[in-house]
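Trainee: Here's the letter readout for the chains.
Protein chains: 2
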Amino acid sequence: MKKVEIAIIGLGTIGAGLYRLIMKNGELIRNKSGINIVIKKAVDVNMDKKNELGIPDSVFSTSADEALDDKNIDIIVELIGGTTVARELILSGIERGKHIVTANKALLAQYKSEIISILVSKGLELGCEASVGGGIPIIKTLKEALVGNEIYKIVGILNGTSNFILTKMIKEGVSFPEALKTAQTLGFAEADPTLDVSGGDAKHKITILSSLAFNTEVDINKVYVEGIEEIESMDVGYAIELGFVLKLIAVAERVDDGIIVGVHPALVSEKNPLAAVNWEDNAIMVYSDFLGKSMYYGKGAGANPTSSAVVADIVDIALKIKSNYEYNPKVYSFFNNLKQLNFEKSEYRYYFRFNVFDRLGILSKISGILGNHNISIASVIQKEVEEKNEYVPLIMLTHRALEKNVRKAFREIVNLKEVKGKNTILRVIDD
Amino acid sequence: MKKVEIAIIGLGTIGAGLYRLIMKNGELIRNKSGINIVIKKAVDVNMDKKNELGIPDSVFSTSADEALDDKNIDIIVELIGGTTVARELILSGIERGKHIVTANKALLAQYKSEIISILVSKGLELGCEASVGGGIPIIKTLKEALVGNEIYKIVGILNGTSNFILTKMIKEGVSFPEALKTAQTLGFAEADPTLDVSGGDAKHKITILSSLAFNTEVDINKVYVEGIEEIESMDVGYAIELGFVLKLIAVAERVDDGIIVGVHPALVSEKNPLAAVNWEDNAIMVYSDFLGKSMYYGKGAGANPTSSAVVADIVDIALKIKSNYEYNPKVYSFFNNLKQLNFEKSEYRYYFRFNVFDRLGILSKISGILGNHNISIASVIQKEVEEKNEYVPLIMLTHRALEKNVRKAFREIVNLKEVKGKNTILRVIDD
Numbered sequence: 282m283k284k285v286e287i288a289i290i291g292l293g294t295i296g297a298g299l300y301r302l303i304m305k306n307g308e309l310i311r312n313k314s315g316i317n318i319v320i321k322k323a324v325d326v327n328m329d330k331k332n333e334l335g336i337p338d339s340v341f342s343t344s345a346d347e348a349l350d351d352k353n354i355d356i357i358v359e360l361i362g363g364t365t366v367a368r369e370l371i372l373s374g375i376e377r378g379k380h381i382v383t384a385n386k387a388l389l390a391q392y393k394s395e396i397i398s399i400l401v402s403k404g405l406e407l408g409c410e411a412s413v414g415g416g417i418p419i420i421k422t423l424k425e426a427l428v429g430n431e432i433y434k435i436v437g438i439l440n441g442t443s444n445f446i447l448t449k450m451i452k453e454g455v456s457f458p459e460a461l462k463t464a465q466t467l468g469f470a471e472a473d474p475t476l477d478v479s480g481g482d483a484k485h486k487i488t489i490l491s492s493l494a495f496n497t498e499v500d501i502n503k504v505y506v507e508g509i510e511e512i513e514s515m516d517v518g519y520a521i522e523l524g525f526v527l528k529l530i531a532v533a534e535r536v537d538d539g540i541i542v543g544v545h546p547a548l549v550s551e552k553n554p555l556a557a558v559n560w561e562d563n564a565i566m567v568y569s570d571f572l573g574k575s576m577y578y579g580k581g582a583g584a585n586p587t588s589s590a591v592v593a594d595i596v597d598i599a600l601k602i603k604s605n606y607e608y609n610p611k612v613y614s615f616f617n618n619l620k621q622l623n624f625e626k627s628e629y630r631y632y633f634r635f636n637v638f639d640r641l642g643i644l645s646k647i648s649g650i651l652g653n654h655n656i657s658i659a660s661v662i663q664k665e666v667e668e669k670n671e672y673v674p675l676i677m678l679t680h681r682a683l684e685k686n687v688r689k690a691f692r693e694i695v696n697l698k699e700v701k702g703k704n705t706i707l708r709v710i711d712d
Numbered sequence: 282m283k284k285v286e287i288a289i290i291g292l293g294t295i296g297a298g299l300y301r302l303i304m305k306n307g308e309l310i311r312n313k314s315g316i317n318i319v320i321k322k323a324v325d326v327n328m329d330k331k332n333e334l335g336i337p338d339s340v341f342s343t344s345a346d347e348a349l350d351d352k353n354i355d356i357i358v359e360l361i362g363g364t365t366v367a368r369e370l371i372l373s374g375i376e377r378g379k380h381i382v383t384a385n386k387a388l389l390a391q392y393k394s395e396i397i398s399i400l401v402s403k404g405l406e407l408g409c410e411a412s413v414g415g416g417i418p419i420i421k422t423l424k425e426a427l428v429g430n431e432i433y434k435i436v437g438i439l440n441g442t443s444n445f446i447l448t449k450m451i452k453e454g455v456s457f458p459e460a461l462k463t464a465q466t467l468g469f470a471e472a473d474p475t476l477d478v479s480g481g482d483a484k485h486k487i488t489i490l491s492s493l494a495f496n497t498e499v500d501i502n503k504v505y506v507e508g509i510e511e512i513e514s515m516d517v518g519y520a521i522e523l524g525f526v527l528k529l530i531a532v533a534e535r536v537d538d539g540i541i542v543g544v545h546p547a548l549v550s551e552k553n554p555l556a557a558v559n560w561e562d563n564a565i566m567v568y569s570d571f572l573g574k575s576m577y578y579g580k581g582a583g584a585n586p587t588s589s590a591v592v593a594d595i596v597d598i599a600l601k602i603k604s605n606y607e608y609n610p611k612v613y614s615f616f617n618n619l620k621q622l623n624f625e626k627s628e629y630r631y632y633f634r635f636n637v638f639d640r641l642g643i644l645s646k647i648s649g650i651l652g653n654h655n656i657s658i659a660s661v662i663q664k665e666v667e668e669k670n671e672y673v674p675l676i677m678l679t680h681r682a683l684e685k686n687v688r689k690a691f692r693e694i695v696n697l698k699e700v701k702g703k704n705t706i707l708r709v710i711d712d
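Sequence order for the protein chains is C and S. Each position in the first sequence, counted from 1, maps to that position plus 281 in my numbering. Each position in the second sequence, counted from 1, maps to that position plus 281 in my numbering.
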């Protein structure tokens with residue numbers, strides 16, 4: 282039996298969950314892996330956590346320094362969140378020769394390269410499975426299971442809050458504000474839901490995933506982001522009629538001369554297994570040259586699933602460092618120096634809803650503009666409207682087209698005098 | 282860069298795929314992992330394989346002994362299949378200190394404990410990711426990603442042929458023989474499809490998976506098996522009406538005093554992500570105490586996906602053996618000595634279709650029998666039949682009940698004079 286000594290820094294939702302997991306399943310972990318996880322220090326500024334979790338006096342501390350200074354501690358588990366104190370803590374840990382496990386997606390999305398370069402120079406390990414997709418083992422899968430594959434695309438449902446809201450809109454036909462209110466009541470959305478519904482959280486996650494999948498540095502500031510705040514029930518309904526469901530997706534794709542990374546709502550074909558990923562669940566579809574399409578589904582957040590991922594990281598690192606292993610920096614290398622292209626260079630099929638004056642000729646006018654921009658139409662639905670309303674919704678699905686051209690065409694079309702009010706443009710994910 | 286020398290024994294579909302993968306992505310693998318996979322020997326009795334794959338003279342051989350006797354070879358990759366020659370090969374390899382990678386599900390389902398006990402006594406590694414779910418990293422997930430979890434249930438769609446046939450029946454309303462014929466024409470079913478459609482192949486796979494998930498020995502001879510040969514279009518249709526799709530599933534479950542393992546067709550709720558797993562695809566849903574429900578989806582067969590899994594095993598083993606690691610037998614231990622219970626002790630919801638004489642009183646008679654066996658009815662559909670037919674289908678969904686009781690009740694009901702012809706009993710998987 283090998284003993285690994287860890288410090289849990291931060292006893293919030295995940296930290297407390299991790300403490301409980303190790304208390305409950307410690308023996309099981311020893312039996313499965315031969316690794317005895319010893320929590321040497323559990324640190325939080327809130328003294329109440331000690332009694333809440335029943336942490337012994339000798340283990341609980343309000344000072345992270347006590348953990349950092351403990352020479353016997355092998356791994357620092359950073360679960361305080363944020364990008365300032367957490368970053369300092371991790372860097373101090375590395376400085377003192379500690380291996381790092383973290384669930385901090387915001388930090389990694391921004392500082393992953395910096396942290397990894399220092400870490401590797403010291404011959405230390407980093408576990409970050411919990412930073413994306415909660416307990417779904419997507420990082421292990423990308424790094425290990427797909428080691429023989431060239432990965433060319435990732436499409437993920439990475440934000441549980443947005444997926445809950447969209448599922449509510451799809452299943453019950455309610456509006457975005459109503460669905461958001463329910464999500465907040467049930468605890469699936471925060472009082473300020475901006476980071477989730479505006480795509481920021483998914484942006485952090487796809488930045489981390491794409492960097493691992495393509496073995497390249499990815500600049501979070503170049504990731505395209507569009508949230509779900511503007512999604513209207515009407516489009517949710519038309520999508521269903523056309524055989525699609527609306528999802529907030531994160532996409533990272535290799536193209537000829539680089540990669541394109543973005544987050545946006547999309548119509549996902551009901552034939553795509555991602556369409557069956559509902560409510561607060563997450564899933565990641567990975568496209569690679571030998572394995573082909575594979576998908577990983579589960580709980581993307583919450584104390585228990587996230588703790589499951591943190592423990593897997595701890596055991597993986599312990600198995601290495603407690604077995605006289607020779608350090609292998611290759612698994613952390615960004616050996617591809619891929620150019621991160623502007624999102625305008627991406628190609629999709631598109632869904633348009635134009636609010637048009639119901640008059641002969643408008644369809645040919647719109648088709649003409651689309652044609653001028655090399656966009657060809659796959660199907661059209663013109664909706665009869667019951668009330669005496671001169672403006673009717675015109676829905677179109679296009680064939681594959683270049684984002685840049687589509688944006689130009691869209692701007693031209695909405696400026697036509699026969700088109701008014703709110704018009705919609707959404708991307709389509711087939712399979 | 283670490284060099285690992287391997288011998289590929291068997292250059293059939295998977296062996297040839299593996300050779301091609303390493304030729305194409307060898308450099309990528311070196312960049313990702315620091316492991317240089319060198320194919321020292323590629324062995325097949327068929328000389329044509331040499332030219333087909335462009336294997337150098339010094340590498341190709343028709344004799345496995347040449348590979349076994351080569352002291353520099355670290356890993357024997359057994360891809361010949363079957364349970365006789367393959368078993369001898371693996372045992373000889375172990376005898377000579379070779380680590381083993383295999384995709385051989387039939388062999389592992391039957392001889393896993395024997396092979397592992399000899400292997401562990403010699404301090405050697407076994408990779409068998411490719412034996413279940415093709416390239417889906419389910420074995421790595423069970424062993425590593427879920428190391429902190431107590432796993433209590435696995436439900437898998439593990440046979441691509443059966444899933445293709447059932448999907449065809451569901452989407453196009455065709456009969457089993459018709460769907461089978463299409464599957465054979467398209468290469469998704471063999472000329473003799475017995476092993477696939479009768480559940481034998483899925484039995485091999487669930488035996489391996491349940492043994493790993495529950496860390497216990499599982500006796501393949503005690504695994505319950507029911508195939509899909511008897512499935513009728515009528516039941517496929519009623520299932521859809523009720524919100525279910527028919528799938529051949531493999532289930533392994535921990536119960537109070539042991540485990541129950543079986544393979545059978547089932548009505549899977551459309552709300553369950555497994556319901557969206559169509560055609561030849563596979564998926565495995567894992568239920569565990571911390572991660573909760575998680576699912577792993579992809580191609581369950583084929584040269585490329587399977588080769589992807591074999592390569593992941595090779596790299597994992599190489600990373601260990603080329604890094605001065607200390608051998609860890611724990612990861613192979615069957616530390617739980619769980620009793621494998623008779624399938625009659627399992628509990629499900631059930632779907633019945635009885636062919637009943639359409640007369641007042643029969644429903645109460647049937648309900649009475651079910652009640653006597655502690656089976657309560659959740660819903661009933663009595664079908665009007667257009668033709669003048671005195672016998673009509675009576676469809677019932679039950680609440681959760683004990684298999685043993687259900688079998689007894691079913692026998693009693695089909696013996697009623699008002700019930701005749703073919704009657705159906707199927708299990709239900711909700712979520």
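Please note that a few of the clues may not be correct.
If chains are identical, the list can't say which one is meant, so a pair holds when it fits in one copy or spans any two.
As the list claims (entries may be wrong) - The list that follows gives simulated cross-link-like pairs (lysine-lysine, DSS-like), each with its CA atoms no further than 30 Å apart:
id, residue 1, residue 2
1, K626, K330
2, K284, K611
3, K462, K601
4, K552, K574
5, K603, K698
6, K462, K689
7, K646, K611
8, K434, K283
9, K574, K689
10, K284, K403
11, K452, K620
12, K305, K685
13, K352, K574
14, K689, K603
15, K685, K603
16, K331, K434
17, K698, K330
By construction, these hints were calculated from the structure, which means they are not laboratory data.
Trainee: Next, verify each hint and record whether it holds.
Mentor: Hints versus structure:
1. K626 / K330: For K626 and K330, the Cα distance exceeds 30 Å both inside one copy (50 Å) and across copies (44 Å).
2. K284 / K611: Answer is both; intra-copy 26 Å and inter-copy 14 Å each pass.
3. K462 / K601: For K462 and K601, the Cα distance exceeds 30 Å both inside one copy (46 Å) and across copies (51 Å).
4. K552 / K574: Both. Shortest intra-copy (13 Å) and inter-copy (22 Å) distances satisfy the 30 Å Cα cut-off.
5. K603 / K698: neither (72 Å within a copy, 71 Å between copies)
6. K462 / K689: neither (35 Å within a copy, 50 Å between copies)
7. K646 / K611: neither (56 Å within a copy, 70 Å between copies)
8. K434 / K283: between (39 Å within a copy, 29 Å between copies)
9. K574 / K689: Neither. Shortest intra-copy (33 Å) and inter-copy (44 Å) distances fail the 30 Å Cα cut-off.
10. K284 / K403: both (22 Å within a copy, 24 Å between copies)
11. K452 / K620: Classified as neither: same-chain Cα gap 40 Å, cross-chain 43 Å, threshold 30 Å.
12. K305 / K685: neither (54 Å within a copy, 34 Å between copies)
13. K352 / K574: neither (45 Å within a copy, 38 Å between copies)
14. K689 / K603: Answer is neither; intra-copy 58 Å and inter-copy 56 Å both fail.
15. K685 / K603: The answer is neither: 53 Å in one copy and 49 Å across copies each exceed 30 Å.
16. K331 / K434: Neither: 45 Å inside a chain and 34 Å across chains, both beyond 30 Å.
17. K698 / K330: neither (63 Å within a copy, 68 Å between copies)
Comparing the model with each numbered hint stated earlier shows that hints 1, 3, 5, 6, 7, 9, 11, 12, 13, 14, 15, 16, 17 do not hold.
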